[in-house]
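Two chains, each in its own frame: build the complex with the hints.
So the chains spell out like this:
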Amino acid sequence: GNSVTQMEGPVTLSEEAFLTINCTYTATGYPSLFWYVQYPGEGLQLLLKATKADDKGSNKGFEATYRKETTSFHLEKGSVQVSDSAVYFCALRPYGQNFVFGPGTRLSVLP
Amino acid sequence: NAGVTQTPKFQVLKTGQSMTLQCAQDMNHNSMYWYRQDPGMGLRLIYYSASEGTTDKGEVPNGYNVSRLNKREFSLRLESAAPSQTSVYFCASRGETSGSSYNEQFFGPGTRLTVL
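Protein sequence lines correspond, in order, to chains A and B.
Numbered by the numbering used here, the letters in the first sequence go through residues 4 to 114 in order.
Numbered by the numbering used here, the letters in the second sequence go through residues 223 to 338 in order.
Just chain B, with the same shape it has in the complex (with noise of 0.2 Å):
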């Protein structure tokens, strides 16, 4: 199992341009979840999935939509990318059915995203 996978690592935009940045989980969960990673703020919720078909907006939606395309892919779209949306951004889905996993969050590698 790869668990949450995670594409690109690494991406510079300039003011405006759009991107969109993938996500894909391997262990059939329903939840997935975008943060984004900022010093001395933890992880802040931008947008979750709770099944396939549906999202809804976390703390910080203001310039980001979803997609989640299928039960395995979440992706997050940058529409006109500013500097405020220099950030480490994370993927994650959760376990939901009883075990050793049970709550808990899986998370993929990270996306560094730097906005110039």
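Okay, chain A solo, but in the shape it has when bound (with noise of 0.2 Å):
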């Protein structure tokens, strides 16, 4: 079946430090691949997107390249704001199928 693996967390950093959020995922064929972000009482925001092998998805300061090999899908970011702080989920669309999400992780950014 279709499952995404992602550290749980809570991650805690200071400002400007660099953050990477790992996330593996099992898949039929080639699926595209998700990170959304959500902040504190509200819903799910996408916040970077890949559909196929070696993509790079950018947004925000954010990236994460799309590697088939590894089956891996990481969020990196060089350097932390606050504001970041959030509830981060990669996920994963099947050509054809619904969602399937991670359990999240929580980032903790402190001045």
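No lab work stands behind these hints, which were simulated from the structure alone.
It is possible that part of the hints are untrue.
Listed next, the in silico BS3-like pairs over lysine-lysine satisfying Cα-Cα at most 30 Å (straight line) [as the list claims (entries may be wrong)]:
(1) K63/A - K231/B
(2) K231/B - K279/B
(3) K279/B - K55/A
(4) K59/A - K71/A
(5) K293/B - K231/B
(6) K236/B - K279/B
Pulled a few chain B residues facing chain A out of the computed Cβ check, cut under 8 Å [as the list claims (entries may be wrong)]:
(7) G238
(8) G262
(9) M263
(10) G264
(11) L265
(12) Y270
(13) V282
(14) P283
(15) G285
(16) F312
(17) E326
(18) Q327
(19) F329
(20) G332
Built from N, CA and C at the ideal position, the CB exists for glycine as well.
Right under this line is the structure:
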């Protein structure tokens, strides 16, 4: 079946630190991959996406590369800010099927 | 555009009571979804609707029913609420036409439900 594994955290970093949140997946075929972010009290919103192998998605300083050989889509940011504190969800969607979400990783950035 | 709207934002029920969660989208999307979010479990799909007039079960449909009233609206009903249904419920719709929002899910703000 289809599944997403990601570190649950919480992850606590100081402002301007480097961020990596690991995400690996199991899926049939070649799914589209996504990172969603959820700020406190809000719904999920798309952060970035990649639709095929070696694609790099990027937005707001975050980036992730679709690695077919390692079935991974790790999220990175070079310098986090307090405003990046949120829960981050890795997700996949195989063609013609429904989304599958990981458990989410809570990030806290301290000033 | 309001995107995806949900009502109510908060609700407290007693065991056995019923209620309907409302969802509407103004993006002309065909596909709509209901998820529940529980700590450590991410989002789990309850029901979805690929188009007006069709609904299908997701991963955790027991205890829920849905209605796709028209293209805009997709409601979720709890007929006899149980404490295990305490959760945060999210409605979403999916972009299907080509462009930057293709394949993206758009989420509502959520309903926090507590069943005592």
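For each hint, the structure was consulted:
1. K63/A - K231/B: Holds, at about 29 Å.
2. K231/B - K279/B: Since the Cα atoms of K231/B and K279/B sit roughly 24 Å apart, the hinted pair holds (cutoff 30 Å).
3. K279/B - K55/A: Roughly 28 Å between the alpha carbons, so the hint for K279/B and K55/A holds.
4. K59/A - K71/A: Answer holds: K59/A to K71/A is near 12 Å, not above 30 Å.
5. K293/B - K231/B: holds, 22 Å
6. K236/B - K279/B: Judged against 30 Å, a Cα distance of about 25 Å means the pair holds.
7. G238: violated, 29 Å
8. G262: Since the shortest Cβ distance to chain A is 6 Å, the answer is holds.
9. M263: holds, 6 Å
10. G264: Given a least distance of 4 Å, the restraint on G264/B holds.
11. L265: holds, 4 Å
12. Y270: holds, 6 Å
13. V282: violated, 13 Å
14. P283: violated, 13 Å
15. G285: Violated, because the Cβ-Cβ distance from G285/B to chain A comes to roughly 20 Å (cut-off 8 Å).
16. F312: Since chain A brings a Cβ to about 6 Å from F312/B, closer than 8 Å, the hint holds.
17. E326: E326/B check passes; min Cβ-Cβ to chain A is 5 Å, inside 8 Å.
18. Q327: holds, 6 Å
19. F329: Interface hint status for F329/B: holds (4 Å vs cutoff 8 Å).
20. G332: Status holds, d = 5 Å.
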